[in-house]
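> Kindly generate the complete structure, drawing on both the sequences and the hints.
Protein chains: 2
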Amino acid sequence: MDREIKEKIKYLLYPRSVAVIGASRNPRKIGFQVVYNLIKDGYKGRIYPINPNADEILGLKCYPNILDAPDDIDLAMIVVPASKVLNVLNEVVRKKVRSVAIISSGFSELGKKDLEDAIVNICREHKIPLLGPNIVGIINTNNNMNLSFCPHLPFKGKITFITQSGALAIGLIGWTWASRIGISKLISIGNMAMIGFEELIEFLEEDRDTEAVLLYIEGVKNGRLFAEVSKKVSRKKPLIAIKAGKSLRGAKAAASHTGSLAGNVMLYETAFKYAGIVSADGLEDGFDKALALSLQPPLYGDNLVVVTNGGGAGVLSSDYAEKFGVPLKDLPKDLVNAVKELIPPFGSPNNPIDLTGNAYRDDYIRVLDTVFRHPWVDGVVSIYVHAAITDPVEIADGIAQVWRNYRDKPITVCMIGGREVQVANIWLRDNGIPVYPTPRRAISAMAALRQYGLFLERERGNGGMVRNKEISS
Amino acid sequence: MDREIKEKIKYLLYPRSVAVIGASRNPRKIGFQVVYNLIKDGYKGRIYPINPNADEILGLKCYPNILDAPDDIDLAMIVVPASKVLNVLNEVVRKKVRSVAIISSGFSELGKKDLEDAIVNICREHKIPLLGPNIVGIINTNNNMNLSFCPHLPFKGKITFITQSGALAIGLIGWTWASRIGISKLISIGNMAMIGFEELIEFLEEDRDTEAVLLYIEGVKNGRLFAEVSKKVSRKKPLIAIKAGKSLRGAKAAASHTGSLAGNVMLYETAFKYAGIVSADGLEDGFDKALALSLQPPLYGDNLVVVTNGGGAGVLSSDYAEKFGVPLKDLPKDLVNAVKELIPPFGSPNNPIDLTGNAYRDDYIRVLDTVFRHPWVDGVVSIYVHAAITDPVEIADGIAQVWRNYRDKPITVCMIGGREVQVANIWLRDNGIPVYPTPRRAISAMAALRQYGLFLERERGNGGMVRNKEISS
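Sequences listed follow chains A and V, in order.
Per this note's numbering, the very first residue in the first sequence carries number 1; after that it's consecutive.
Per this note's numbering, the very first residue in the second sequence carries number 1001; after that it's consecutive.
The set of hints was computed from the structure by calculation and includes no laboratory data.
Be aware that one or more of the hints could be misleading.
In silico DSS-like links for lysine-lysine, alpha-carbon gap of 25 Å or less [said to hold, decoys possible]:
#1 A/K112 x V/K1340
#2 V/K1010 x V/K1236
#3 A/K252 x V/K1340
See the structure below:
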């Protein structure tokens, strides 16, 4: 892609001024919702509604044509019907707008490939990056920009989610709040007529607000470019991919949905492995892993320790540690002896360490501190099964207090319970500790940190420039 | 096991009178909590606290010795220290108590096998079923019996959960409320000195309050008996197993936790398959599948249809349907044509049927009704990705309204969203429809219904007596 176009991609995500072409006063129309969401969610730039039939929309002065807007425009968001897009685009070009995104549908996804090509050609000729068409919009929590018809901003954080499914973008916003999964940017890429995963991933390499990039992929435009760009960016920050259309039937559904060639599963898996992309098993696993990778350092080395107050949860953790490629090992003797001093005789001082159901906050603190401090230990999964006698928030606070002193070693937490553990979960996440409801998911998230650590170790061995051990935060 | 002992197992779960031996007035003691929980949660039988040093506990008259209790005792729950259990048990025998359970620990799990054997011998000699020792207690929501130190009753329903991990029993109670996973009985089986999975499963065959049995297993006592009993019971109601200790390390942890010989994974998998037991991948998957199997009829035949309002969720569903053994097929032409009339031109009338994000309650109703009514269709997975324009409760109500007319065909639902879909989820579950947050989990639950349906088809082919197609409710 043309360098000038690439350099302007920043205007899609950090525009100082946005024109909404097709802004409307009818609350049922997307042209209304986009303007409303920008205002309601506190977008920090300037907004120019464009509509020849209105003087004012939601208190903002409205212009009949983008050429009338009294300002440079960083981003034109187009929401007019497909048949009018070409005309509008010619005005956008004359206005020297820096970037364009198109929410409108009715292009290649309905067989109108020619129309889509015409639009791309205009943008390419004038060096304008084009996102879409057929997107739900662009969200950036870092400048409170909800330039979409998603009803809310997602929960703010460090994950950028790029999705080929617009519906998932909308549907998952509530989920990010309920699960406190922090999102930096949410980018619906629609038909990927010009800009696809490749260009956005490359842009995000230098985005300071993004610590991990989660992708929902049905098909990419250019497999080789995708793999190369992803590998380059992976050295700086982790990429996680939910690949849909893996089955024959799924590939057929993807063709009908986004027109994507879902391609050969093995090709994608090979590309992911080559590029250091962490593969996810569906939506939940994708967000689980993205959460861990956005908050925690990679797991360097594979000396993983599980600390639990429930024996059964410990057994399950051992199983999943093996299944997910980070098998538990015997602890060094001195560590076993040190732990033995801290737990009841009917507990277990080896890996998984079983504190027993009588463990209070101070027991967690003492054992976790002993474990984290030991040089043999590379990472920890801490498990709490809600017990009648203990307050999960106390336990969570104890865990957070210890980890604060060992931030170069990753931790994931499992809290088993219902409403009792909800506040504890919030406490942990707000302290940068990813927490999950089952041993399986906490171990799977830790395995993702290991997978990414392994990639970085390999790249370092190859002389590549890789991120430092400590995460910035 | 002796027939007389087997016949008395009902007294462990439906006692008309319970003596708590070791009842206490000290709220920090388990002997207090057990009596308190019985009263607080509304146990419908008679309660006799036994303690030589108290006249009254929580308003109940206290007896110095079980022999003084002025009533027949169906169940003696023992909470005195291990060293005193033998003495107490001799009095229990003299009182002709019908069944015994022991919460106290300090037996084979701490190497005191002789003491445990002595207790078993006494019970066996006097034909008394013994549950435990080293259990957290017995819960039966059908008679409001919280005979345990679990702080609450679980959410009431049709799943009986038998667990070798007591901590999980306690920890998961809150989860059952948060997830509205309905529990009939929660049985902690501790050291399984006499009664194990085998005997309880057999008892549950005729339990009218149990529609599905979920097992957390580290190791069973008698593999052959377990397989035979399970196969017999599976013909009447589904069994689901979470097998822990599958890895070498997990098996070692299990040995340290419950003293179980976790055994060969393949042996267990073979036994599960033979017996029609649905295997679960950890806790979440176990409850997901148990929920579907407790609420829905099995999936007979494998013509599964997915109806979605999100294309991406449809693609993922197709992938998981294939992965979990219920691959989606093309719909019959007449069904495709009928659906085509009901959806927008940019939707998809084939499997997965994509209603598009513009689908309202009535669209779901019309399409689901058309699909369910078609004789080719065996079961349906209905997916809703929260969209800005629709009310999930309306959609949920529409789904429930249609399914009410087709209760012999199973349905599972996926609702993607945050708090917006919470009430819809409650609505669905209270209408007997299992609902999950991702396509993966909704499809996995449907695959469990298929797996069980396949087992019943096979058994029927072999001339076995199997349950009817329609679920009782």
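> If a hint holds in the structure, say so; if it does not, say that too.
Outcome of the hint check:
no., hint, in the structure
1, A/K112 x V/K1340, "holds (21 Å)"
2, V/K1010 x V/K1236, "holds (18 Å)"
3, A/K252 x V/K1340, "holds (18 Å)"
The structure agrees with every numbered hint stated previously.
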